[in-house]
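Enquirer: Spelled out, the chains give:
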Amino acid sequence: MSLQECYAALEGDFEGTLGRLCSEKLVERFALKFLADESYPALIKAMQQGDYEEAFRAAHTLKGVGLNLGFTRLHEASDLLTEALRGGRKPEDDSLLEKVTAEYNKTVAVLKEYQGA
Amino acid sequence: MRNKVLIVDDMELNREMLSAILEEEYPIIEADSGKKALELLKDQQDEIAVVLLDLIMPDMDGYAVLEIMQKQNWMEKIPVLIISAESKVEAETRCFKLGISDFIRKPFDNATVRNRVKNMIDLFSYKNELEEKVEKQTETLKKQYKLLMMQAEKLKESNTRIIDILGTVVECRNLESGEHIKRVKGFTRILAEQAMKDYPEYGLTPEKVDIIVSASSLHDVGKIAIPDGILLKPARLTHDEYEYMKSHTTRGCDILRNIKDVWDEVYSQTSYEICRHHHERYDGKGYPDGLEGENIPISAQLVGLADVYDALVSERVYKSAYSEDDAFHMIVSGECGVFSPKLLECFRSVKKQFEALAEEQRG
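Sequence order for the protein chains is A and B.
Counting in the numbering used here, the first sequence runs from 1 upward without gaps.
Counting in the numbering used here, the second sequence runs from 1 upward without gaps.
One thing to keep in mind: the hints can contain errors.
The calculated lysine to aspartate or glutamate pairs, modelled on EDC-like cross-linking and capped at a C-alpha distance of 20 Å, are [what the hints assert, rightly or not]:
1) A/25 x B/16
2) B/88 x A/76
3) A/33 x B/32
4) B/154 x B/109
5) B/35 x A/76
6) A/25 x B/210
7) A/33 x B/23
Computed from the model, here is a short list of chain B residues facing chain A with C-beta under 10 Å [to be verified]:
8) 14
9) 87
10) 89
11) 105
These are calculated hints, taken from the structure and not from any lab test.
This one's a predicted model, so the numbers in the text were calculated from it and none came from an experiment.
Every residue gets a Cβ at the ideal spot worked out from N, C-alpha and C, and that includes glycine.
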């Protein structure tokens, strides 16, 4: 699997990300770094504890990473959750978190597959 | 040297991505919290060239960091660039109000970040350099100004001393003049200060009055060139002797002309005017030049009146003293030559002060 195919599997923005980061090497380096990122576990933990301010920050971070790395689906899902959590509010729609979890799991699975290949 | 880039973000991946863009050109220091950022800023504020700041962070967020930076005046020397996934316009406005230099939204472009960071660093290094230069130049100017003031003070002292030395020579040569010079100075000051107050058209200032008063002691400097036989003659002078006596004005000018180069122009000019013209009268009937009205320099008019008053109230080898009252009326009525109407107004206003001084000097 090439990096481009990896992004295609994620429905991510490979061309745009490559353009911004200027080299495929950098895109690969940071995309794989995402596997070690603590934002998603922090988000889940905060949601379970009902700490919606912390959850907002974690969702916001996830959104930022998604934007920068061109993980479009993850970015969109976490953007919706971020806005629902803004001001430390409890999101009324549980499906927002479920969508983020689904996108996160998919992203991690594809990246791991790429890493192993 | 100010060249470090401080990256502030609670997320390692974000810091790494920014660091990767800039590490080839600048030394990078990182902070994973607002608190850590402030510590680094405090310790290395003269080395940090730019701050890349995340907004959403736990505990102390980007806004709090900006508020403290603003309070510490750090943003005057260090530009701050916000890097944020925040899409709300209000966030950007709030940051600019807090003094940031630029706001970069995620996803950021590596080239954009590199260019904006470089621009900001160049701009601020230029600005900081200019401010340092201005500060240094202001400091130098202040020092030079102080030096100038000291030299001006010294010059003034030496100008006054030249006058005093010449005045002493006159005193030694002319037996009756010792106290006369002192009194003329006193009368001149009283009259000049009144004229300064009542007639601004004369352009008198406290400094000019000081110079006139000081220079008044030279009004008779030419008398050192008059032979004793005439100067000290205890009887009425013949016509020829009187004409010769009158030449003390022009002879005084010859002496002053010879020392013109050694003192300040205002001092030498004023002394010259007084010396030459203190016997001129307002109707043109004085000597040596027969000047009329305001063609007679105000300095010479003031000293002229003071000189006449003192001559009247003093005892001389050829006459006894008049009373202050008589002296006042003789001057006002024009018996001792015509004076300027304005000056006579001043003279009337200070009559009491003149009398007090005359009284005091007589002991």
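Enquirer: Does each hint fit the structure? Answer for all of them.
Expert: Status of the hints after comparison with the structure:
1. A/25 x B/16: holds, 14 Å
2. B/88 x A/76: holds, 16 Å
3. A/33 x B/32: holds, 17 Å
4. B/154 x B/109: violated, 67 Å
5. B/35 x A/76: violated, 31 Å
6. A/25 x B/210: violated, 85 Å
7. A/33 x B/23: Holds - the C-alpha atoms of residue 23 of chain B and residue 33 of chain A are around 18 Å apart, at most 20 Å.
8. 14: holds, 7 Å
9. 87: With a closest approach of 8 Å, the residue 87 of chain B hint holds.
10. 89: The hint is violated - residue 89 of chain B has no Cβ within 10 Å of chain A, the shortest such distance being about 14 Å.
11. 105: holds, 8 Å
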